[in-house]
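With the sequences and hints as input, model every part of the structure.
Those protein sequences? They're chains A and B, same order as listed.
Each residue of the first sequence is one higher than the last, beginning at 1 in my numbering.
Each residue of the second sequence is one higher than the last, beginning at 1 in my numbering.
Be aware that a few hints might be false.
[Unchecked claim] Result set (PhoX-like, lysine-lysine): computed pairs, CA atoms no more than 20 Å apart in a straight line:
(1) A:274 <-> B:224
(2) A:272 <-> B:245
(3) B:224 <-> B:245
(4) B:160 <-> B:194
(5) B:292 <-> A:209
(6) B:245 <-> A:275
(7) B:43 <-> B:327
Read the hints as simulated data drawn from the structure, not as lab findings.
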Amino acid sequence: MSEELIFHGEHLLDVQRLKKFFPIKKGVFRRTVGWVQAVDGVSLHVDKGETLGLVGESGCGKSTTGKCILRLLEPTEGDILLEGKNISAINPSEMKQFRRKVQAVFQDPYSSLNPRMSVGNIVGEPFKVHDIHPSSDIRERVADLFKKVGLRPEYMSRYPHEFSGGQRQRIGIARSIALRPDLIIFDEPVSALDVSIQAQVINLLDDLKQEFKLSYLFIAHDLSVVEHVSDRIAVMYLGKIVEVAKDTELYSNPLHPYTRALLSAIPIPEPKQKKKRIILQGEVPSPINPPSGCRFHPRCSEAMKICKHEEPIMSAIDHHHQVSCFLYR
Amino acid sequence: MDLGIFPRVVGAKKFESKKMNDRPLLDIRNLKTYFFLPEGVIKAVDNVSFHVGNREIVGLVGESGCGKSVTALSILGLIQSPPGQIVSGEILFQGQDLCKMSPEQLRKIRGNRIAMIFQEPMISLNPLYSIGDQIVEVYTEHYGLSRQEARKKAKEMLEKVQIPSPARRIYEYPHQLSGGMRQRAMIAMALACKPAMILADEPTTALDVTIQAQILELMVELQKLMGTSILLITHNLGAVAEYAKRVIVMYLGRVVEEAPVIPIFESPLHPYTVGLLNSIPKLGSKAIGGKKRLEEIPGMVPGLNDLPEGCYFHPRCSKGREICKRKEPKLFENQPGHRVACWAVREGW
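Dropping the structure here:
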């Protein structure tokens, strides 16, 4: 709540108290016996020209958040505003406009490209769906896009299986920028790639962002990559955002005990620098039955009495740094 | 064990090993593992030599397709044949050549003296047997213990790898455990026989960061306790920097550089190693030096069926010259313990 007091003006994307619960069904009559609370009250925003990184471990709800924003999943509760317009309740023709403005690139470049279509057709399809260029023009447009993402236009008539993982990811990126969207949601775009290819794709994303004035929501688990690409970073744990900060601030001054543990757990390629590691005990609890109070308290080394009973709310440390922890109240 | 029946190393070697104080636990010499496919011969491991000392943790790094996993499988004699075959070379483990052993002899070593931890514990654990049964099998198979004794040992082992309530977990099946727990169970199984050596092939790649840290710490702790050597095969340079003593870098089936961990990270010589290190974003570097563009290695890893002549890296190398296109550079020792296969380093251009 306190977030809204600080940030005024219009954000490109504004997500407010987003919830997504999945029913657990059992028995012959498929009765709902419980809920997986995948995303539980997430608020975030992305400004124009900004990259917001969303990090967390598997099962924390970061991908579900992305899918809800894309409306690939119907949110259980909460509002999603794009340029101030609530997209939770829009009609199909408005939906098509929305799809033009918000694009997505997913982790697995193998399963997100139709194996029966040539890559030229894959990248050109958005033009057809949205009826933007006359079909005679499309080939040229696609060739342009190919050059932009560093692929040879001669490859247009080839099929996805003829490309390596990195090239496929480039094809996915070409498709996502075809319609000149405002926002692209990346869900683990580089985690399936080799290190040297990863750097190429990250640099490409930087270049495209500059050239087309894009905004990114960058969902990933690798904090080093997220830190590199993002302007601001939101850390998620078990369906909730626990800390939001500017990229450098999050690294130099992490506040939430979970963020600190996460940062300390990452091995860095500097053998002389032995860092003090906070080893978290146990594992991420199930989102079906999340712990009471602060969801991190059973693993937190600094848990207090209040953490068990009361849920902490986001409070602002300063303009660019918010944390949801009782230590800072 | 039956180690005694094998002849010890002879003559000159013996002298050499005395001089070296101890011979390496694992010594791979000119190993070539090829796959004979209808499309042609794939040289997955091509003339690879390196060693792993007693109680040493050695990191084997490289990108996918560089032959690091095939190297591990070759050590264990697990190359599927056909199409794969160890064409030539020696894999000396405690002085005996594993390549020359019969499948029965290898079986006694595998799991007993050399254990393996794979990336995906869900695939490497049998879903039809409980965790306990699978560890029990190790004891009954290799030590000939009765099931009851083995079960007691298995329980101890689960305790050692810090699986909570082992008495209950022992009856659980792999699907009932989380990824981190499964990997712990794998480690328990791997360490059950107190092996001299563990081959860990991407042991933490499928795990979350915080769990990854737990597992690596656990592995190193147990390594110290039991005096095991570890060959840590991974693409995670951070993990290697932190835990390995020595690092071997592979590219397309060949070793391109080998050095102790500090020189590898602080003064790498091979352009591929340099490129690899520069292409990873470093946590916190933005806070110090602002946002910099990542350095890229241009182009991509060529397919193993379409290898360039000469140095395999030359099409992507900024230092490449005429000779690199024609002649394969051999590994040479640039400084004690620091070997590199590069014309530019050798000739000093």
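Right, here's what the structure says about each hint:
At roughly 18 Å between alpha-carbon atoms, residue 274 (chain A) and residue 224 (chain B) fall within 20 Å of each other, so this suggested pair holds. For the hint linking residue 272 (chain A) to residue 245 (chain B), the alpha-carbon distance of about 12 Å falls within 20 Å, and the restraint holds. Taking the CA atoms of residue 224 (chain B) and residue 245 (chain B), the gap is about 13 Å. The hint holds against a cut of 20 Å. Distance restraint check for residue 160 (chain B) and residue 194 (chain B): the Cα-Cα separation of roughly 12 Å lies within the 20 Å cut-off, and the hinted pair is therefore satisfied.
Our distance criterion of 20 Å between C-alpha atoms is met by residue 292 (chain B) and residue 209 (chain A), whose separation comes to about 15 Å. The straight-line distance between the Cα atoms of residue 245 (chain B) and residue 275 (chain A) is roughly 17 Å, inside the 20 Å bound, and the hint therefore holds. Between residue 43 (chain B) and residue 327 (chain B) the CA atoms are separated by roughly 17 Å; this keeps the pair inside 20 Å, and the hint holds.
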